[in-house]
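Chemist: Here's the letter readout for the chains.
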Amino acid sequence: MSLGLAAIRSLSSDTPAIIIQAAPKAAAVIIEIHSPLSASLTLLAVWGLIGLAGLLRPRSVALAGRTLFPLSALCGICLAVVALASLASPVEQRTLLVGLPDLPMHVRQDALSSLFLLLLGAASAGISVFAAGYFRRGEGTPPGLLCLQYHVFLASMGLVLLADDAYAFMVAWETMALSSYFLVTAQHGLAEIRRAGFLYLLIAHLGAIAILLSFGVMQGGSWHFTFDAMRVAHLTPGWAAVAFLLALVGFGAKAGLVPLHVWLPEAHPAAPSPVSALMSGVMLKTAVYGVLRVTFDLLGNEQWWWGLVPLALGLFSALFGAVFAAVQTDMKRLLAYSSIENLGIIFTAFGLALMFRGAGMQALAALALLALLYHSLNHAFIKSLLFLGTGAVLHSTGERNLGRLGGLIHRMPWVAALTLVGSLAMAGLPPLNGFVSEWLLLQAFLFAQQVPRPFINMLLPLGAALLVLAAALAAYVMVKFYGVTFLGRPREAGLAYAHDAGTLERIGLVWLALGCLALGLLPTLVIESLRPVVAQLGGGMPSGPLSPWWLLAPVPGRQVSYSPLVFFLAIAAVVMVTVLGVRLFYHGHRRRARAWDCGFGELTPRMQDTAEGFGQPIRHIFGSFFAVTRELPSPFDRAPRYSVTVSDRIWQSLYMPLGSIVQRAANAVAWLQQGRIATYLLYSFVTLVVLLALVL
Amino acid sequence: MRAIDLITQILEVIAALAAAPLFVGWVNQCRAWLQNRSAPSLWLPYRGIRKLFHKEAVIAETASPLFRVAPYVVFGAMTLAAAIIPSMSTRLPLTIAADAIALVGLLATARVFQSLAAIDIGTAFGTLGARREMMVGFLAEPALLMVIFVASLISATTALPAIAENLATQRVGLYPSLAFTAIAFTMVLLAENARIPIDNPATHLELTMIHEAQLLEYSARHLALMEWAAALKLFNYACIGFALFVPWGISTGAGGPAALLASIPLLALKLLTAGAALALIETVSAKLRVFRAPEFLGVAFVFAVLGVLVHLLLGA
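Taken in sequence, the protein lines are chains L and V.
Following the working numbering, the numbering of the first sequence begins with 1 at its first residue and continues without gaps.
Following the working numbering, the numbering of the second sequence begins with 1001 at its first residue and continues without gaps.
Isolated chain V, as found in the complex (with noise of 0.2 Å):
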């Protein structure tokens, strides 16, 4: 492990904890330019994390240890996540330790606790939230899942580094395969995420939340941890989508550290962009009924297996 590579490491965790508000305050901000209201401050997330950070913790009576425990968890299942999805690099030293199934499967563990934790305080609001969330959450990972196949069948591996690599390396050509899966994995950033058209991040009524019911009865620094967490989580998905789609600019190693700085500023280019579009599907979209959300998400299912069946019909 060269020098190089643990300071793109730590560099890339450093960065995603950083840029996740923001990038968040950025969508806020499109979203808003969109739909022609004066936009919020782009710090406005940092403000709030820190404003969160200096209140006393109000819990519930009937809170057990798990319910204290659940956002430092999920805040280091998503640190964990940014460290090894390639956003910059692809030579990152904790991607051995993980690959895209795990990748998954770690964001699964971010679900179950986050869920646990809202059933913990046992009222109506927080056992809906996980109810709705385990429900979205296990129709949008096996599509995620797929989504993963097809880029590891085009690549013959389930690193996503060396996906990552071996797309951004090739010559541009045309995948058929990867055209329906990126439509797919749209589908599930914005189903996982809680964003429109299944869930509403700016809702206030109870009824129609689904991330938002599972963070009623978190206060202060756990509220922040959470909160941040969830900003972490669309920077995470963000990046996925670069590595398996865009991955041009990325550094290999190669190239040194004068790569790695070049990487930097194409990777704000990609959030910029990514963020405007994805504000834009926002308001484009309504909200759907709790009830559709699984039609939404069985679409992203049959197109990620379409995806793989074109695959393998073309093999491309």
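Same shape as in the complex, but just chain L (with noise of 0.2 Å):
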């Protein structure tokens, strides 16, 4: 006993030695297979390695931290750049001889599963580069164990986006909500997160079982559950549409869709911020991914009447998610908001997209899913980024609580420095990349007005107002977010003693920041490889190369162009020939001094804006959203109180509710429990008499 834990002991310790010296000849394994797939898979089942070589040494913090996240984030490159170069190749398909007996997994690459893969890929090197440096003990999990987790949840989003059967679908997807709820409740001591992962994994589950359903319509009689199946499947409209309805609640459900949503604000803070970077940068992708899977590819005939649900809600969605954003008070709930409202708006390009579809106007759908896509590229690294910056924030200081933050740039300048990237992304301005796919988008609105139904292409000018409006109060949500964290004076005193992030925290912010930057200023490279993707879902784009490599113009015959690098090197051009003149003509001199503040006495921090106070004039103006509870101080108070709540509407009028009417009939089934076992052999005599009855 004693031999084998010298043995085990001994395996352990030279494991970071096995590893490295495995690693070159893993990479040239890999680069020798021609097969993007079997790379593809190859590097699906060396992250599975990887979560297991955590449970070696549950609880060492170097053997997670140093060897195997750097190594994960390896892989995610790797995966990153064999989707790249097979986003053109031809489909590759294969049974894998895993599986039941009868019922093997069925697997397949084409440009759609590429595109996701690379975003996978991509976004989760930096997150695991960051993950390796945050993840430390003490934090509820062991970190070996945490390791399982979140490569096991790495390795089944990869499998759901590779899957070409349903039942290996449901089973990534399955897998994919576990180990997301066992990551989400890696603190599992506090109550408030075990409350939240049970709320997630209970709308996790009721979206699978929405999305096992549509499968079942999709099979259309042939009993066969292979994708391939599905394609040739002939279904009427009528269970056409359910399967979609289906499909769009079910995926809709894991994508945070209102009324489907109560579980995003609630999982996304209670989750480490790796994890929730993790989740609300990749994992809701998959759910985009599922619904251009089912509807573009498995269902085939789309009718244009299909695109106003998804628009519709997604155009709710993406206001709702504003509007609650700008009034939160967990930096955290905020991001989760705001991932509500990208959401929306990537689900107003799918309903686009289908309504140009329907009609029969391909060009225009290739503009509406380019928007999609690019969008879905651009939220992946953004809020990966945001929350990465978050979790560095929590690290640092122990505070969740935007009242509580502030001038955390002067503690923290690389931190602050790459999460001002972010948040300027996220507000879509130019020359960024959020503002690269909000152009797009409005772009395919504006071409809307050609839809040839008269009560549509009306409507649809308000569908814009909608969407610009949203984009607009993403700004306001950013400078919030940005401002109260950190500018400002330190709303604590505790605040002096933060510090900036370790090493491989700051390299996984600049590799996202990075992303950021060239997702925006080289959109043409990007939209060029996009282009298999639009093709296969049915697009046509037109065919040749695009103007200048610097220039975004999508729609010849327009007079329409972007060109993000001629932005930016003007206004740095302007930059520096102003500051050059103001030296060369007047002078540079400065000196600090205490603030103005129009001769105001002594300036105190809390004299600044909370975030309840950033977000009043938003609880002002869009006040019928919300549910407010406020407690208002009266001149006879002995201990003045001022107390404002604002809690989401819908979990009162639909959820509890709903719960409550669940609650009254699992009373009601209880009473058949009555706790006898003669009463209990009686049921199974009864019911079998009746299937007798039934059957003979």
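Worth flagging that the hints you see were computed from the coordinates, not collected in a lab.
Treat each hint with caution, since some may be false.
[As the list claims (entries may be wrong)] Partner residues aside, some chain L positions facing chain V, computed with beta carbon under 8 Å:
1. Phe435
2. Trp439
3. Pro461
4. Leu473
5. Val566
6. Ala570
7. Val579
8. Leu580
9. Arg592
10. His620
[Unchecked claim] Residues of chain V clear of chain L, computed beta-carbon distances all greater than 10 Å:
11. Asp1005
12. Ile1007
13. Phe1291
Small disclaimer: the values here were computed from a predicted structure and weren't measured.
Using N, Cα and C, we set each Cβ at its ideal position, and we do this for glycine too.
Hints in hand, dock the two standalone chains.
Modeler: This is the structure:
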């Protein structure tokens, strides 16, 4: 026994050395594999192995942090490279030997899968490097166990993207939900985190049931559940609509579409920050992948009115998410509502693409699909960057409440600078990446006037108006988030001890910020890569090379163009000329003094705006969205109190009644559990008699 | 790109930079005349900017590098906006880099940097001004985008020079949708440039400020750049209005240098009229309570959406 323990101990102490020696050999093996599908599957298997390796020494931060997570980041980069190289490759299919004897797993890699694998690999690379420096002991779950759950999560997301039959898809989907549940409840000692995890699992399962039913409808009588069979199955328009709506409900629950969004603002703040980044940045996009796969690939003949449902739900979610984000006081809840907003925008683009397809306007459907895919890529990088920034702040200050932060730009300059890039990108400001997808979507809305349905083409400008309102609110939300957290003066004395992020954390943040910059400044290259995906989804982009690489002009024939590089260079040129000119003609003297503040006396940090204060205009304007409870002091109070709580009206009007109905039904059914074995034997006897009567 | 286009581009930028403070001075003079006061000199804004450049910058101890960078970024954004708005000619090489939606995004960038810099010091007035500026901005930006939508629907493009050229070369006709959007645009102009009825540019009461509250901590060259950028913003908005609604007289590149030279006095005339109209609107209006500003901007938004619907129904 002690010999065995000694063997295991020596093995695990050698493990880092073994892995470091094996990595170049593994890389060579991967490069030799010509088939992208084999390469992707191998990398997913390597992720699984890395997860298992974390169990060798569960409590060691050094193993998980210094070795395993950077290794998984390397795998993520390899996966992204493989996926990027295979975007234009022909479709590959394979049957794996895993699975039940009669039910093997089919996998397939085509352009759509490759794009989302690229998203998964690239975003998770940055998050994994950050996580290497982030996870530490005492967070409720040992680091090695977290490593296992994290990598199972990554591998299952990859399998969702590669699955080619309903069985493999559902197995991977459920694994994704389960592993992320364990990750969300990493700090399971706290009751509110357990509650958030339960709510998350509940709605994830409701969505999974809807997806399962949708697959059940789509097999169309052939009782073969492979996607190939579903592609050729003929469904009547009614059943096709049923399958589409079920898939929309199922994938919408995972994506956080209103009204199935209630789990997002609970689960994302409860999880550790790298997990929140992974969930918000990557997992929500698997839902987008699912809905694209089902609608454009498996179902086939879309009807134009299908587009109305995601369009309406998406616009409402976008506005809802933005409005709620503006009144939050917890920085991670704010980002969670912002995710709801962005997924709403993605579904708006999806609805628009469906409507164009249904009306036979392929080129415009391609434009809307382009906006959708570009926004998915953008959001993955931006949201991951923002969540990781909040993770660094949380670890450094111990505070999640915006009311106790402030002035962190002085103590944490790296995190502040990189989070500034993320905030500006999320606000949709040129020349960063958030603006490009917004621009493409607005161009698509502009062309929507040509849809040959008289009622629809009058409603669409209203849709565009709501979209720009949500986008403008996003800028408000990001100014609030960045300003209250990083700028101003520290609102608590303890913030003076805040320290900047470590090296690994910085590398992760820089990787994601560079991704944002690349997506923003080089849109033509990105669109060229997205071309095969759009072609596969059925849109017809105008062929031929786009105009010069630094100019984005996606629609020939109209003189619209946008060049972020020229933008950026022009502003930089003017800034430099101004700085030099001022120094040359005048001077650059400056001195420091107390803030002017109109000559008022002592400045305390409490005189700044609070997070509630910054959200007050939104609360005032959009009052009917919220359920606000306010406690106002009266002049006669001995100890005056003011408090305002903003909560979700949908939770109170939809979920609480549903919950009480289910509880009452369960109480009624519980009457059956009498507790006496004689009664249970009677139930079995009666059931047997009834079944015999039916069968015979 | 012909040489004359390059010259036109540079000329436009220089003209905007030079004429923006003069435009502000003209508006102040008209306002003084209407209010029966003796007017300040037309060149007072220039003297003010020059005086500020000479001074030594006093920066608060709690300021971060963002505070010092923001005036340059805001000034750069406004200058780029001046370069891509067709005021004298529609043949501007830089306009391929940005269409009207990117222009609105550029103005939003300037607004966000201004607000962030205001929050940076950590005073009550700075955060107050930032909060109000973002509130006005998030309501005014959709209205402005809807106005641009209508113009884009009429001209089938979102590129501002193409819109201006389209309207300038067509037969003079009645566009009811443009009438609605002109009202919406005027209201957005008043809101975004901190004019009465949203904000009083001459106020010294801190609790009623929106724009001035954000500049409270700036001094010397930073304040000079911010004031110049504000003047440029007003000039840019006026030129956007001319390009969308009264583009006649603009040089479309077909006439050569003569047309370009002829467009300059026409632009000056338009600016004189617009400045006087702005002063008149400011004099007859009272400043709204801040809580009423969303209603004002909501009306602008509704007018813009009405313009879109009218265009779709009437086709004009």
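Chemist: Taking the hints in turn, state whether each one holds.
Modeler: Do the hints match the structure? See the list:
1. Phe435: For Phe435/L, the interface hint holds, since the closest Cβ of chain V sits about 5 Å away, which is under 8 Å.
2. Trp439: 6 Å, holds
3. Pro461: 4 Å, holds
4. Leu473: Leu473/L check passes; min Cβ-Cβ to chain V is 5 Å, inside 8 Å.
5. Val566: Status holds, d = 4 Å.
6. Ala570: 5 Å, holds
7. Val579: Because about 6 Å separates Val579/L from the closest Cβ in chain V, which is inside the 8 Å limit, the hint holds.
8. Leu580: 11 Å, violated
9. Arg592: 5 Å, holds
10. His620: Result: holds, 7 Å to nearest chain V Cβ.
11. Asp1005: 15 Å, holds
12. Ile1007: Its Cβ never comes within 10 Å of chain L, the nearest being 17 Å, so this holds.
13. Phe1291: Phe1291/V not clear of chain L: closest Cβ-Cβ about 7 Å, inside 10 Å.
Hints 8 and 13 from the list above are not met by this structure, while the remaining hints are.
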